[in-house]
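Place chains B and C on chain A using the hints.
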Amino acid sequence: MSKAVCFMTKNFGKYDVKSIGSYMAIGGFDALKKAVNMTGEEIAATLATAQIKGRGGAGYDMGKKWSQAKAVIADSKVVVCNADEGEPCTFKDRTLIENDPFNLIEGMIIAGYTVDAQNGYIYLREEYSHLRPLLLDAIKQAKTYGFLGENILGKGFNYNIHLYSGAGAYVCGEGTALVESIEGKSGRPRMKPPFIKQCGLYNLPTCVNNVESLSLVSSILLDDEKKYLTYGTEGSVGTKLVSVAGNVKNPGVFEIPFGVTVRDIVYGLAGGIVDDHEIKLIQFGGASGKFAPKSILDTPYTYEDLRKAGVGVGSGAILVVDERTSVIDFLKTTQEFFSHESCGQCTPCREGNRHIKLLLKKVAEGTHTALDLASMRKIAKIMAMSSLCGLGETAQSALVSAMKNFEEDFQIK
Amino acid sequence: MSTVNIKINNIPLQVEKGTKILEAAKKIHIDIPHLCYHPDQTIKAHCRICTVEVVGSRRLLAACSTEVWEGMEIHTDTKLVRDTQVGILELILANHDQNCLACARNQNCDLQNLCSRFNVLQPQLERVSEPVAIKDENPSIARDLSKCVKCGRCVKVCNEVQGVNALTYSGRSEDFAVTTAYNKPLLETDCILCGQCSSVCPVGAIVERDNTQKVLNVLQDPSKHVIVQVAPSVRVAIGDEFGLPRGAIVTGKMVTALKMLGFDKVFDTNFAADVTIMEEGTELLDRIKNSGKLPMITSCSSGWVNYMEKHYGDYIDHLSSAKSPQQIFGAISKSYYPEVAGVDVKDIVTVSIMPCVAKKFEANRPEMGRDGIKDVDIVLTTRELSKLIKYVGLDFANLDEGSFDSPLGLGSGAGAIFGTSGGVMEAALRTVAEVYTGTELKNLDFKEVRGWEGIKEAEINLGDNSVKVAIAHGLRNAQKIMEAIKAGTCDYTFVEVMACPGGCIGGGGQPIQSTTDIKKLRMDALYDIDQTHIIRKSHENPDVTALYKNYLEAPLSHKAHKLLHTSYKKIEKQYNFSYLTKK
Amino acid sequence: MANIVFLTVWWLINQEMFDLFMNKSGCATILKIYFFAIKTYTVSVNLSILFNFIIMRGYFFIMAFGTNDKVLTKKLAEQIDLILFAHGNDGSKLVGILLDIQDVIPNHYIPTEVAYYLADKLDIKITTIYDCITFYSSISDTPRAKYPIQVCNSIVCKINHNDQLFETLKELLNIDLKEITYDGRFTLESVPCFGACDVAPAVRVNGKVYGHLTTKEKIADMLNELI
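Residue numbers (my numbering), protein chains in the order written: chain A, 265 to 677; chain B, 28 to 610; chain C, 885 to 1111.
Chain A with its partners taken away, still in its complex shape (with noise of 0.2 Å):
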């Protein structure tokens, strides 16, 4: 018995992506219209009350980003769509878009409503150039049927929606490098404060907003039964997209209600592991998470649970290794996306992530020693208390589970 769910998912498959015609047919900008009749602190409060949290990873609540946007007095605002799904082993937006692009167009006009924006801007990572044409055209199709432009659906509101693409890096996906990208220059991530929201793209007050959060809010602004509500836990109300991948049967993109266990999605929903291998571990939120041993399978799905359990939601990554990768292994394939996608500009994620890449290398030929080990969890530390930026600050996340989780694999020879 399948445990996946859709709610956010439901128009999957049910209209023709291609067409805003299709999308209306099936209820599609009804939110919108639904929307327009209510303030944005209403709109902020119903969103608040679904309890989402920001689903990029950072876990921000959504209803309070949206009621603290509206808040901040200005002439001019801007939300921006964050699709630079650049996580490993993260695919869920890339779904989200493929088959259903005018829920996001919705979820994000809605958000420009609700804001006071005057301007949307979806950040599209350049590796899903492919959907670009797809959102181009949907884009098109809503400006022609009114639900973009001036004055959409007469209630004096004026948006726009700006698609602009990165260009392959994935530290781009943080918000003040994104921005950066989105103003025509090198995505290296500002320093805080000022905040990006009072002070973002164009020194605008900017509200970034990940995919399928957005993708949530036509759903639950039209859920007048508050179905939403009853799926998931007191701590973890609703459902989430996981991306589930590895060396398991039937890698993919499952809506799961928060609560259901570990096992349930990695053997339920994904077909269990490939050959039926043992599980080494698992890995969770993507390559900045932590991850655990086999132990975590009965482990409930949640925020609270997971964080328990010494991990955490991130972006909803799940990935499965089996007994046949060694952890050492894992930590340089992670270590090498790391060293490759680092901006460079503060010292201890640069040179952080230069000498650990050095020592993981001296661990799998097992020529480390002692001093190695210790200057690595120094470096691991320095990088999560000092960096500028949320890539330094979780780049070793991996790193440091397996030092707690796996010792015997760093053990001295």
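Mixed in with the good hints, there may be bad ones.
As the list claims (entries may be wrong) - The calculated lysine-lysine pairs, modelled on DSBU-like cross-linking and capped at a C-alpha distance of 30 Å, are:
id, chain 1, residue 1, chain 2, residue 2
1, A, Lys572, B, Lys596
2, C, Lys1054, A, Lys621
3, C, Lys1005, B, Lys337
4, C, Lys958, A, Lys449
5, A, Lys621, C, Lys1062
6, B, Lys106, A, Lys456
7, C, Lys959, B, Lys211
8, B, Lys337, C, Lys954
9, A, Lys449, C, Lys1092
10, A, Lys334, B, Lys44
11, C, Lys1009, B, Lys483
12, B, Lys513, C, Lys1005
13, B, Lys211, C, Lys1062
14, C, Lys1092, A, Lys404
15, C, Lys959, A, Lys513
16, A, Lys278, C, Lys1092
17, B, Lys337, B, Lys162
18, A, Lys677, A, Lys642
19, B, Lys596, C, Lys1102
20, B, Lys609, C, Lys954
21, A, Lys621, B, Lys106
22, C, Lys1054, A, Lys626
23, B, Lys483, A, Lys449
24, B, Lys44, A, Lys642
25, B, Lys600, C, Lys1009
26, C, Lys1102, B, Lys162
27, A, Lys456, B, Lys54
28, C, Lys1062, A, Lys626
29, B, Lys162, A, Lys449
30, C, Lys1009, A, Lys456
31, C, Lys1030, B, Lys211
32, C, Lys1009, B, Lys507
33, C, Lys1102, A, Lys596
It is worth saying that the hints were derived from the structure and are not from the lab.
Chains B and C alone, transformed into the frame defined by chain A:
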């Protein structure tokens, strides 16, 4: 302005809202370590050495960029903070050339100071530094990327302050570097060699090309007659290097030091500055009278001349044709001086001490000399002079007061203020106003052209007429004036431009870490020197009068033209795309 | 008559050989053929061949070195100008502009000259452009190939045997990573995750994703599709 109450290391204090933690700590005399922070630049928060503990925050926060809030409790000396600072220093050190003895910034280096402060004696980490050979053949600036700590100060000064944008960040992660576009040598980029980058670099990654050994060699050669000229800005800055108060006027000690170094004659660039006013003032009056190219723009700043040739090449005939004081002195030292001193010009070596690295490039220009003899042979910066003084072992602060030699050592008060923004303008106005109107000026202080403002404008009465003048310092400000000239939206007659912020007193060759506050003290010092002079107008300098009477005849004479004037050349862009629009 | 036919054939062969002429081994081959011809045929034929040789070589020489050998040709400049126009000649759209220009340049990179051209046209600093080109992985300052084959090197593809995928591609194309095939058609690049984890191990070529590349046949099919 509202205030907030905070605690630093349990010490309560009250500061203005908006103050950063780093500034707040300074108020109670705690120096939070920093590398990329510079008081005259926007904050970068890259190096992360200034991170401190703040109660309530799970991560350390950067003190340079975090604003205090009401009730904030900061701890700058917990184990976590110290371990992080040491760890970051070790990370930097592992990627840094370790041969301090061979470095120009040995004993004057922020990284050395921090490592020494935190007992970082050697890194525990693998050395990853490799010497990065940069082929950069220019006489002014040398770069060594193996010493770069990637603080970004040079990028900020080049882009934000100077608006030249020759330096940039590039690449990612391990390839992150501070470099020029396509790693080209500086002369092939937009760089104009102002050297501001070298004066803000905390380590030895960007330094001036060192000529101290050349000077030592020539001083020790008995067959050479070595003379030296010293720029006005050096005498109010060199005291910094010897523990004297910032902005102290140390002319006398400086002259004594130069004599003890072994220079045969110690002369004053201020003398040449007066000659510059004679030439340039006459040229200005000539252009006004004969509808010449206006506005006329000063040409004594060599970085500025480079900038005009490279970026506004179609407007170079606005520049005064008069050489800079350095070069005017040089030309006189190789023509007039040998005659009056009875020395063979081939034996004369003219050394100049300048607050400037672009002057090294200027001295090497092929047009600056004749018959195979250069006007100026070697240029030293203020920093290099202090090195020489230390080399010879002089106790600078306790030297006696000395005097410049004759006949090229007497400068007027007008010449003395050449080193500050507005000084050349004021010096020129004192002469031009008197010559133009034919009446003696009652007030010699043109206060409207003084001060730190980026662009100053004034309307000066010359008898029945008035002329509009403008003064700009820092290239970003100069660019604004050039754009106005280009667009035809300004009606200036005379414009003074100095490439460096504050003028030469803030030059690229001045003591390291000259901040705006220190530069302002130097500005004041130069005006003080002016006040102490009896002769405050260039045209009343008797040595200058003698020079014209006995040798040059008159300003803009044929001889004066040959020796003291020059021409400029537009530097074509590296890539010319005009072929695309040709049929 | 025979001579005319013979000369025509030689002329045609020369056209084909132009490509080869442009590299050293090609030159040597042509010379070898000519010496063989000189040894074998009559004087008149040899004179004709000599004449042909001088004219043809001269023509090719002028073609190669005498005329415009700049990377930024008028045609390319026109294409770039159109792209700039489509982006409103707005320097703040630099990233998108660079990606679009890269798409129209045959070897998918940004030549130095083009970067300076953009600096000129958009009135932005060359350092900003250089910073963008070196910062973003999808933008290259060195020539790639007509079909850059980007193989994912991240963890999901790694644990799904991307090592075999790498080796097979190297074997089939006879090149190593970052090398370009002799005809400029393919190059191999190792890139981080592009979100195709559900079809690992995967490859991306000019925006199109090819997944489940677990056998030599599937990999060969993909290459054949591109040729």
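Which numbered hints fail | 1, 15, 19, 23, 24, 26
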